[in-house]
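Chains H and Z, in that order, are what the protein sequence lines are. Going left to right, the first sequence walks through residues 1 to 177 as UniProt numbering numbers them. Going left to right, the second sequence walks through residues 1 to 177 as UniProt numbering numbers them.
Because the hints were derived from the structure by calculation, they are not lab data. Do not take every clue at face value.
[To be verified] FRET-style restraints, in silico, Cβ to Cβ: (1) Z:132 / H:106: 53 to 59 Å; (2) H:132 / Z:37: 42 to 48 Å; (3) Z:116 / H:168: 47 to 53 Å; (4) Z:116 / H:120: 39 to 45 Å; (5) Z:38 / H:58: 46 to 52 Å; (6) H:133 / Z:40: 33 to 39 Å; (7) H:133 / Z:38: 40 to 46 Å.
[What the hints assert, rightly or not] Stretches of chain Z that chain H covers, calculated by requiring three or more beta carbons in the stretch to come under 8 Å of a beta carbon on chain H: (8) 38-50; (9) 90-96; (10) 139-146.
We treat Cβ as the ideally placed atom computed from N, Cα and C, and that holds for glycine.
Number of protein chains: 2
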Amino acid sequence: MRVLGVDPGLTRCGVGVVEGVAGRPLTMVGVGVVRTPADAELGHRLVAIEQGIEAWLDEHRPEFVAVERVFSQHNVRTVMGTAQASAVAMLCASRRGIPVALHTPSEVKAAVTGSGRADKAQVGAMVTRLLRLDAPPKPADAADALALAICHIWRAPAQNRLQQAVAAHRTLKGRTA
Amino acid sequence: MRVLGVDPGLTRCGVGVVEGVAGRPLTMVGVGVVRTPADAELGHRLVAIEQGIEAWLDEHRPEFVAVERVFSQHNVRTVMGTAQASAVAMLCASRRGIPVALHTPSEVKAAVTGSGRADKAQVGAMVTRLLRLDAPPKPADAADALALAICHIWRAPAQNRLQQAVAAHRTLKGRTA
Chain H
1 MRVLGVDPGL
11 TRCGVGVVEG
21 VAGRPLTMVG
31 VGVVRTPADA
41 ELGHRLVAIE
51 QGIEAWLDEH
61 RPEFVAVERV
71 FSQHNVRTVM
81 GTAQASAVAM
91 LCASRRGIPV
101 ALHTPSEVKA
111 AVTGSGRADK
121 AQVGAMVTRL
131 LRLDAPPKPA
141 DAADALALAI
151 CHIWRAPAQN
161 RLQQAVAAHR
171 TLKGRTA
Chain Z
1 MRVLGVDPGL
11 TRCGVGVVEG
21 VAGRPLTMVG
31 VGVVRTPADA
41 ELGHRLVAIE
51 QGIEAWLDEH
61 RPEFVAVERV
71 FSQHNVRTVM
81 GTAQASAVAM
91 LCASRRGIPV
101 ALHTPSEVKA
111 AVTGSGRADK
121 AQVGAMVTRL
131 LRLDAPPKPA
141 DAADALALAI
151 CHIWRAPAQN
161 RLQQAVAAHR
171 TLKGRTA
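With the hints as constraints, model all of the structure from the sequences given.
Structural data, given as structure tokens:
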């Protein structure tokens, strides 16, 4: 199973591709950050994020996209931008018929560290260990994107297969309609 | 000047096209609502909104798109969906090089009724009068979209011309790059 994790953000949108199945060692396929200039107009930033995500989907052809679920309880100043960046990531995936899964930050932390309240350093350390990397991916957004992908591979494999079947059926219907 | 106003929402996204210039009677070119089923997956709802907005852009070729600026102080349960729907509208416009303007709800209310704290009925009544319609557009999201377009035509015409020039320059650069 190949999963693209997306840690959404307007300034730094973390992206990471992980391959593997639950219960076996996982492999990092790629990791990076889609950046947009803070002084650009919002619409242009969203277009840049779309282009960045599209490039990652083209290059890595993931079977699933896992996006961090955004809560409005977070920092009020940044949450709108995070919601908007996540919308673009979901749109890009759904347009291609790739199933999208949302995971909360605490689900992701619990999956990779065992604690839903782990800090960034702990998440980075576990991502490094689980993917057998030489050092934690930088910036933290990139590590978080990998953690999202790992979380998705480990959670509910049965649910993933169902989602994938539904998405394939929908894509087929769209093509023959 | 032809403006598409968008009152963003996942369940009902109001859209309205108004043509005219400040200081002269305005004309409604079209009004409607892009709806998505509340039980559909978020990614698919965003794709449906994209298709709806694209259809309105194709049909009416607006020179500007005016979108309601989303604040996180609003209803916490719906604000994320509103932010995500607004991201899709901005993305569609910016991708075509159409300048996007954001107006706050109180700017829009003040523009069409004279008071930033006007209620929905007042906004609907003024939209009906200003566009010489037989009855207020229903649902309220459709009337709000028209109010956004009117607000945009009336506010800062000089700023509009500047934005348009910048957008045209960017599109040109994109084509020759």
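Each hint tested on the structure:
Under the hint 53 to 59 Å, the C-beta atoms of residue 132 (chain Z) and residue 106 (chain H), about 54 Å apart, fit the expected range. Look at residue 132 (chain H) against residue 37 (chain Z): about 44 Å separates their beta carbons, and that is inside 42 to 48 Å. At roughly 50 Å, the beta carbons of residue 116 (chain Z) and residue 168 (chain H) sit within the given window of 47 to 53 Å. With their beta carbons about 41 Å apart, residue 116 (chain Z) and residue 120 (chain H) fall inside the hinted range of 39 to 45 Å.
Taken as a hint, the range 46 to 52 Å is violated for the pair residue 38 (chain Z) and residue 58 (chain H), whose Cβ atoms sit roughly 32 Å apart. With their beta carbons about 38 Å apart, residue 133 (chain H) and residue 40 (chain Z) fall inside the hinted range of 33 to 39 Å. Residue 133 (chain H) and residue 38 (chain Z) have their C-beta atoms about 42 Å apart, which keeps the hinted 40 to 46 Å range intact. Given as covered by chain H, the stretch 38-50 of chain Z passes the check, having 7 residues with a CB less than 8 Å from a CB of that chain where 3 are the minimum.
Check result for the stretch 90-96 of chain Z against chain H: holds, 5 residues qualifying (beta carbon to beta carbon below 8 Å, three or more required). Interface restraint, the stretch 139-146 of chain Z with chain H: violated (0 residues with C-beta to C-beta distance below 8 Å; minimum three).
When each numbered hint is compared with the structure, violations occur for hints 5 and 10.
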